[in-house]
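S.K.: These are the residues of each chain, in order.
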Amino acid sequence: RKEVEQDPGPFNVPEGATVAFNCTYSNSASQSFFWYRQDCRKEPKLLMSVYSSGNEDGRFTAQLNRASQYISLLIRDSKLSDSATYLCVVGRSNTDKLIFGTGTRLQVFP
Amino acid sequence: GAVVSQHPSWVICKSGTSVKIECRSLDFQATTMFWYRQFPKQSLMLMATSNEGSKATYEQGVEKDKFLINHASLTLSTLTVTSAHPEDSSFYICSATRVGLQETQYFGPGTRLLVL
Chain A
1 RKEVEQDPGP
11 FNVPEGATVA
21 FNCTYSNSAS
31 QSFFWYRQDC
41 RKEPKLLMSV
51 YSSGNEDGRF
61 TAQLNRASQY
71 ISLLIRDSKL
81 SDSATYLCVV
91 GRSNTDKLIF
101 GTGTRLQVFP
Chain B
1 GAVVSQHPSW
11 VICKSGTSVK
21 IECRSLDFQA
31 TTMFWYRQFP
41 KQSLMLMATS
51 NEGSKATYEQ
61 GVEKDKFLIN
71 HASLTLSTLT
81 VTSAHPEDSS
91 FYICSATRVG
101 LQETQYFGPG
111 TRLLVL
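In order, the protein sequences belong to chains A and B.
Numbering follows my numbering, in which position 29 of the first sequence is assigned residue number 29; successive positions increment by one, without gaps.
Numbering follows my numbering, in which position 92 of the second sequence is assigned residue number 92; successive positions increment by one, without gaps.
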């Protein structure tokens, strides 16, 4: 079983739609959680950190459920520019190593 | 701030050639640098972690004699793919953490390696 699992998609949604991505992780001792965005043939870029209390940044909302070892990302009012692969990333406990999921591909169409 | 560069951005080489990739933190001192590899439609896989002045720590399954890492200063780490073969063709990405801010990794733009 992979340490971080995501639905690979692709998710094809129209502009303005709300879309949600889910992710599960296997190591219950994990301490840090992130969503990264990766455009085709580019490096990943940090979208947001994820906290147990949930956090929001504009149209993006991230949630963490430690009991279920589940992380989510909600994108409201999708834009064409949101088209990318969204990577769920978990920090390995007691280290500064990051474990990446395979990513969920989002395609927003006009 | 927090810019990481990689050089070269892409390289095509013949099988058996050694290829060196540089990773630099341009405007900060990096406590630690990480090297990742990403094959098409797969996730980033951590290859090794390097700290300035000490030997790199390699992940399980990564051959340290094949992928030589040198971290000579707080702003430069190099990855050398020795005797590259077609199966080494991949997207190699480095990242760096700042002194005092270990949780955030800043990624370089990546290097595409194609071995013919």
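Derived from the structure by calculation, the hints contain no laboratory data.
Honestly, I wouldn't trust all of these hints.
[Claimed, not checked] Once the Cα atoms are required to be at most 27 Å apart in a straight line, the calculated DSSO-like pairs of lysine-lysine come out as: (1) B:Lys20 x A:Lys45; (2) A:Lys42 x B:Lys41; (3) A:Lys97 x B:Lys14; (4) B:Lys20 x A:Lys97.
[What the hints assert, rightly or not] Across the chosen pairs, the derived CB separations fall in these ranges: (5) A:Lys97 x B:Glu87: 36 to 44 Å; (6) A:Asp39 x B:Asp27: 17 to 25 Å; (7) B:His85 x A:Lys97: 20 to 28 Å; (8) B:Thr80 x A:Lys97: 36 to 44 Å.
Bear in mind the structure is a predicted one, so any value in this text is a computation, not a measurement.
Ideal Cβ placement from N, Cα and C applies to all residues, glycine included.
S.K.: Hint by hint, say whether it matches the structure.
M.R.: Hints and how they fare:
no., hint, result
1, B:Lys20 x A:Lys45, "holds, 24 Å"
2, A:Lys42 x B:Lys41, "holds, 13 Å"
3, A:Lys97 x B:Lys14, "violated, 33 Å"
4, B:Lys20 x A:Lys97, "holds, 23 Å"
5, A:Lys97 x B:Glu87: 36 to 44 Å, "violated, 24 Å"
6, A:Asp39 x B:Asp27: 17 to 25 Å, "holds, 23 Å"
7, B:His85 x A:Lys97: 20 to 28 Å, "holds, 27 Å"
8, B:Thr80 x A:Lys97: 36 to 44 Å, "violated, 22 Å"
Comparing the model with each numbered hint stated earlier shows that hints 3, 5 and 8 do not hold.
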